[in-house]
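Following the hints, put chain P in place on chain Y, whose structure we already have.
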Amino acid sequence: MELLDRYLQAVRFWLPRMQQDDIIAELGDDLRSQIEEREASLGHPLNEDELVALLQQAGHPMRVAGRYLPKQSLIGPALFPLYQFVLKAVAFGYLAPWIFVWGGMMIFMPSYRASHSGMALLGTWANFWSLVFMLFGAITVVFALLERFQARIIWLNTWDPRKLPRVARRKDRVSRVESVFGLAFSILYIAWWLTLPRYGHVIFGPIAGFFSLNPALRAWYLPVLVPVCIVMLQQCVNLVRPQWQWLRAAALLLSHSIALFIFISVSKIHPHLISAGNANLDTQHAQALAAMNQVLSWIIMCIIAGICIGLIVHAYQTVRELRRMANGPGNGAALPASQTL
Amino acid sequence: MKHSTKLDVDLFENLKLELRRGCLIVAVLAQLRQEHYGYTLRKALYDLGLAIDEGTLYPLLRRLETQGLLASEWREENKRNKRFYRLSLQGELILQQLLQEWQTINASLERILQEA
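The listed protein sequences correspond, in order, to chains Y and P.
With the numbering used here as the guide, the letters of the first sequence map in order to residues 1 to 341.
With the numbering used here as the guide, the letters of the second sequence map in order to residues 1 to 116.
Next comes chain Y alone, as it looks inside the complex:
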């Protein structure tokens, strides 16, 4: 019976202190009764293997003990969907763009790559994972607290169905009105961009006499229009084939990718502004030029970050549309419950 005592001791370890003796006495009696019955039917005392089989059938000590404990969960089913939603929002809205921007900087910015290799690279990733654990940990703690005090959360008990969002109807086609307006805007944008060299002095205003754009930027003057032309092409096709929703998502993905490449290339050209005609500037104008170049660099970095976020969104939309197309028409369309029942 040494095996049985060892088994009961193992079960006891996982039980609440106040109930250990009671539960072990009852469980022990049941197992002894089973052993006696088995021995009576076999006609001999159980050998070790037979006893092991009987105890294995009873279950692992931790599992057996677990059944006596009240069911506990850190975050219950009522709050879990919201918890999952917040984690996803943080992962896709903050962590994924972080990785994307970091990857872009490592690929396209040699100076950043040089300063973030070896131990510095390990340090960056250590910081990233610290951030991930801190964010997810903080969110989990907040939701665990909400779960604990759930009964006191008023909005879960006093809610009004009339305040729920309206039923979202997924568009099954690209609106022609949207395509026409998009096309008109694209044409206006291209016209504005092409006339820019002639009327550029209007933009620069009084400083036009002192500063001008770096000539190296001229190489990117026409390529900037490529993403717009891609979107225009998509808008023209969608006028005729509005049901090709995948085309819009794919075109936006492509145009954003090209725009990202252009802006990263432009960000490498320094300075963006130079003194007009290479004239010597006085101290005040030289300081203004440096400040404007700094601001332009920041603006370009912000645009790159925005394009990166757009790329993630459009990549997701493209995959979703292609999947929807592969699954056949009608799949995944949100219909009001009254129409589906």
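In short, the hints are calculated from the structure, not lab data.
The beta-carbon is built from N, C-alpha and C at its ideal position, and this holds for glycine as well.
Hints are supplied without guarantee of correctness; some may be wrong.
To be verified - Ranges of calculated distance between the beta carbons of each label pair, as one might list FRET restraints:
{"no.": "1", "chain 1": "P", "residue 1": "Ile-105", "chain 2": "Y", "residue 2": "Arg-169", "range": "34 to 42 Å"}
{"no.": "2", "chain 1": "P", "residue 1": "Arg-111", "chain 2": "Y", "residue 2": "Ala-326", "range": "37 to 45 Å"}
{"no.": "3", "chain 1": "Y", "residue 1": "Thr-158", "chain 2": "P", "residue 2": "Ile-52", "range": "39 to 47 Å"}
{"no.": "4", "chain 1": "Y", "residue 1": "Pro-70", "chain 2": "P", "residue 2": "Val-26", "range": "19 to 27 Å"}
{"no.": "5", "chain 1": "Y", "residue 1": "Leu-135", "chain 2": "P", "residue 2": "Gln-114", "range": "52 to 60 Å"}
{"no.": "6", "chain 1": "Y", "residue 1": "Ser-41", "chain 2": "P", "residue 2": "Leu-93", "range": "37 to 45 Å"}
{"no.": "7", "chain 1": "Y", "residue 1": "Gly-66", "chain 2": "P", "residue 2": "Val-26", "range": "23 to 31 Å"}
{"no.": "8", "chain 1": "P", "residue 1": "Gln-100", "chain 2": "Y", "residue 2": "Asn-47", "range": "46 to 54 Å"}
{"no.": "9", "chain 1": "Y", "residue 1": "Asn-47", "chain 2": "P", "residue 2": "Gln-97", "range": "44 to 52 Å"}
{"no.": "10", "chain 1": "P", "residue 1": "Ile-105", "chain 2": "Y", "residue 2": "Leu-87", "range": "36 to 44 Å"}
{"no.": "11", "chain 1": "Y", "residue 1": "Tyr-316", "chain 2": "P", "residue 2": "Ile-105", "range": "42 to 50 Å"}
{"no.": "12", "chain 1": "Y", "residue 1": "Pro-70", "chain 2": "P", "residue 2": "Lys-43", "range": "41 to 49 Å"}
{"no.": "13", "chain 1": "Y", "residue 1": "Thr-140", "chain 2": "P", "residue 2": "Gln-100", "range": "39 to 47 Å"}
{"no.": "14", "chain 1": "P", "residue 1": "Gln-100", "chain 2": "Y", "residue 2": "Val-142", "range": "38 to 46 Å"}
Claimed, not checked - Calculated Cβ distances over 12 Å to all of chain P for the following chain Y residues:
{"no.": "15", "residue": "Leu-145"}
{"no.": "16", "residue": "Leu-194"}
{"no.": "17", "residue": "Leu-217"}
{"no.": "18", "residue": "Ala-305"}
Chain P only, in chain Y's frame:
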């Protein structure tokens, strides 16, 4: 194919567990209209066609006792201390209500199955 078969088995086991959970409570309460200790209760249920392992029965008995539906006492029998359970007064009332509910559900299910 093999994967989907395993999924089907898992799904069935989960659904069976859900279906049994409520029935076991009714069966245990009904059987404890007569006094039993754990092992004899398990045997009695098994002999009547409802197998229940000790890891499920004893926690259930404790829960029902905490809820006031069962009463228990330790007594010696066959030179061993055993915990005897029986239905409490409150347990009897609840059992009647549960049996009524079960009969209603059963009747509805039979009608539904006849229509199908």
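Here is how each hint holds up against the structure:
1. Ile-105(P) <-> Arg-169(Y): 34 to 42 Å: 38 Å, holds
2. Arg-111(P) <-> Ala-326(Y): 37 to 45 Å: Since the Cβ atoms of Arg-111(P) and Ala-326(Y) sit about 43 Å apart, the hinted range of 37 to 45 Å holds.
3. Thr-158(Y) <-> Ile-52(P): 39 to 47 Å: 42 Å, holds
4. Pro-70(Y) <-> Val-26(P): 19 to 27 Å: 22 Å, holds
5. Leu-135(Y) <-> Gln-114(P): 52 to 60 Å: Once the Cβ atoms are compared, 56 Å apart, the range 52 to 60 Å for Gln-114(P) and Leu-135(Y) holds.
6. Ser-41(Y) <-> Leu-93(P): 37 to 45 Å: Holds, since Ser-41(Y) and Leu-93(P) (Cβ atoms, about 40 Å apart) stay within the stated range.
7. Gly-66(Y) <-> Val-26(P): 23 to 31 Å: 24 Å, holds
8. Gln-100(P) <-> Asn-47(Y): 46 to 54 Å: 50 Å, holds
9. Asn-47(Y) <-> Gln-97(P): 44 to 52 Å: With a Cβ separation near 49 Å, Asn-47(Y) and Gln-97(P) satisfy 44 to 52 Å, so the hint holds.
10. Ile-105(P) <-> Leu-87(Y): 36 to 44 Å: Holds, since Ile-105(P) and Leu-87(Y) (Cβ atoms, about 39 Å apart) stay within the stated range.
11. Tyr-316(Y) <-> Ile-105(P): 42 to 50 Å: Because 45 Å falls inside the window, the suggested range holds.
12. Pro-70(Y) <-> Lys-43(P): 41 to 49 Å: 28 Å, violated
13. Thr-140(Y) <-> Gln-100(P): 39 to 47 Å: Between Thr-140(Y) and Gln-100(P), where Cβ atoms are some 44 Å apart, the hint holds.
14. Gln-100(P) <-> Val-142(Y): 38 to 46 Å: Hint holds: Cβ distance 44 Å, inside 38 to 46 Å.
15. Leu-145: Given a closest Cβ separation of 27 Å, the condition holds.
16. Leu-194: 59 Å, holds
17. Leu-217: Holds, since 57 Å exceeds 12 Å.
18. Ala-305: Answer for Ala-305(Y): holds, closest chain P Cβ roughly 42 Å.
Hint check: a violation occurs at hint 12 only; the rest are consistent with the structure.
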